Amino acid sequence: MREVAIVGIGMTPFGELWQDSLRNLFAKAALAAIDDAGVDHIDGMYIGAMSTGLFVGQEHIASLMADYLGMPGVPAAHVESACASGGIAVRQAFFEVASGAGEIILAGGVEKMNDGADTTYVLATAADQEYEAFHGVTFPGLYAMIARAHIHKYGTTREQLADVAVKNHENGFKNPNAQFRMKIDRETVMNSTMVADPLRLLDCSPVTDGAAAVIVASMDVAKKLARPYVKIKASAMATDSLALHSRKDLAALPAVQKAAERAYKQAGVTPDKIDVMEVHDCFTIAELVVMEELGLVERGKAGAAVSAGMTRLGGKIPVNTSGGLKSKGHPVGATGVAQVIEIVEQLRGAAGDRQVANAGLGLTQNMGGSGGSCVIHILEAMS
Amino acid sequence: MIVPRYTREIPQRYRLEAGKCKKCGYLAFPPRVVCPECGNRRFVTVRLKPAGTILTYTVIHVAEDNFAAETPFAVGVVETDDGARLTAQIVDCKPEEIEIGKRVNLILRRIRKEGHAGILQYGYKAVLQR
Chain A
1 MREVAIVGIG
11 MTPFGELWQD
21 SLRNLFAKAA
31 LAAIDDAGVD
41 HIDGMYIGAM
51 STGLFVGQEH
61 IASLMADYLG
71 MPGVPAAHVE
81 SACASGGIAV
91 RQAFFEVASG
101 AGEIILAGGV
111 EKMNDGADTT
121 YVLATAADQE
131 YEAFHGVTFP
141 GLYAMIARAH
151 IHKYGTTREQ
161 LADVAVKNHE
171 NGFKNPNAQF
181 RMKIDRETVM
191 NSTMVADPLR
201 LLDCSPVTDG
211 AAAVIVASMD
221 VAKKLARPYV
231 KIKASAMATD
241 SLALHSRKDL
251 AALPAVQKAA
261 ERAYKQAGVT
271 PDKIDVMEVH
281 DCFTIAELVV
291 MEELGLVERG
301 KAGAAVSAGM
311 TRLGGKIPVN
321 TSGGLKSKGH
331 PVGATGVAQV
341 IEIVEQLRGA
351 AGDRQVANAG
361 LGLTQNMGGS
371 GGSCVIHILE
381 AMS
Chain B
1 MIVPRYTREI
11 PQRYRLEAGK
21 CKKCGYLAFP
31 PRVVCPECGN
41 RRFVTVRLKP
51 AGTILTYTVI
61 HVAEDNFAAE
71 TPFAVGVVET
81 DDGARLTAQI
91 VDCKPEEIEI
101 GKRVNLILRR
111 IRKEGHAGIL
121 QYGYKAVLQR
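Line by line, the protein sequences are chains A and B. With our numbering applied, the first sequence corresponds to residues 1 to 383, in that order. With our numbering applied, the second sequence corresponds to residues 1 to 130, in that order.
Quick caveat, the hints were computed from the structure, so don't treat them as lab data. Predicted model only: the values in this text are computed from it and were never measured. Check each hint, because a few of them may be wrong.
Estimated spans, in silico, between C-beta atoms of each pair [as the list claims (entries may be wrong)]:
hint, chain 1, residue 1, chain 2, residue 2, range
1, B, 120, A, 41, 54 to 60 Å
2, B, 42, A, 350, 57 to 63 Å
3, B, 97, A, 99, 38 to 44 Å
4, A, 70, B, 15, 54 to 60 Å
5, B, 37, A, 272, 30 to 36 Å
6, A, 357, B, 94, 48 to 54 Å
Glycine included, each C-beta is placed from N, C-alpha and C at the ideal position.
Okay, chain A solo, but in the shape it has when bound (with noise of 0.2 Å):
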């Protein structure tokens, strides 16, 4: 397999865009990644996208994106892999390229969340529908349980699940396609809404809209564009049991733990040599699961990193320096896809106030329903 590069970035800001449809949110993106990579044709598209089916009744997709873009004929597919869906286009935009049959491939994610849908409904179609579902779990009841497990066993506080979302709303302040520009006190977040005891309204990520393209294409194309690009070190991915009793432990998620292994492996690095991270914080609770399967802590010492400052903008390691999905907003389609572009500014050096001093590795981390995905990219910076 050749090398790979991204070479444009494009989003939507995130949030509540009553105004803008889903073919139309999706075109926005695509169109500001082409303008930004300053390519005249793309070969084809990936399209990640959970439900626009249940979300406005629209399948078949990938060839609505490619007329709406004014680009009928260019081979597009849609992907889905519930939440991880963004992060599976980029992965199949790397593939394409780097087999060689394509030379500047878009990798899209959309979701338009808010158009009457039952929401709650539609993301709990990512579990096991016949049982799951079926006994009334919503998706912040499968997190709260893992939540629950987690306390359960290594003594997890409710202070340490409301510092993360703390924490994000900090970076989230500062970017300006965040849905929730604001930041929040630990109090506020442990006096919210109780939703799925115990994670309360703070502790999920929104209900949102929005679309993000990054442009992917060889090394070759890369250069000749001759505008700050990165290189796609390792694209991996695991999977797991989708029903969250199968698991043999419930405060675990294995498919991270493989999926890290498998792209620490790829790109020859340690956890340890990583500048920056876009992690899968649907929930509170599944940032500090997923950093203790990334390795950056032992297991049960997340909670305690996160209230120490490890993971803070100027910490040891910066996790969401975007927002993460808990401000920046979660619009299950594009969210991985959000995760790239954040780590891509970075590698520019073109974060603005959210930047991470000589940031040279970024790696991202998307995750599908209670973790039967999860899709990794490490990027690296290139001069």
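Got chain A sorted already, so can you dock chain B onto it with the hints?
Just chain B now, kept in the frame of chain A:
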């Protein structure tokens, strides 16, 4: 959910029927075609013991539309005494009474009315052993 999708699962929902791997004894609930532990494809049908232990739980305050009228309600992961794991509502108790490690019995209850037709759907729920 339409009727065939519901009726297909009745052996599991009403009778806790699981597949026991003929090679390694792994209990698959619901039944599977391949054993995730040893790769064997031959199973024998067994009924799970309708009692077990709470491994983790939550109390749901915001539910999807089908369950919206029932909030708050508790849901947990239960390990049955023969070692299978499943998700079930924990009922007939106050949420404060639920703890990890507490013993439960699995009983047949109405789960919900589904869709516009209001099809009644039944299945197992957990009640604390007292």
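We went through each hint and held it up to the structure:
1. 120/B to 41/A: 54 to 60 Å: Given about 57 Å between the Cβ atoms, the range holds.
2. 42/B to 350/A: 57 to 63 Å: holds, 58 Å
3. 97/B to 99/A: 38 to 44 Å: Given range 38 to 44 Å: violated, Cβ gap about 58 Å.
4. 70/A to 15/B: 54 to 60 Å: holds, 57 Å
5. 37/B to 272/A: 30 to 36 Å: Holds, at about 35 Å.
6. 357/A to 94/B: 48 to 54 Å: holds, 52 Å
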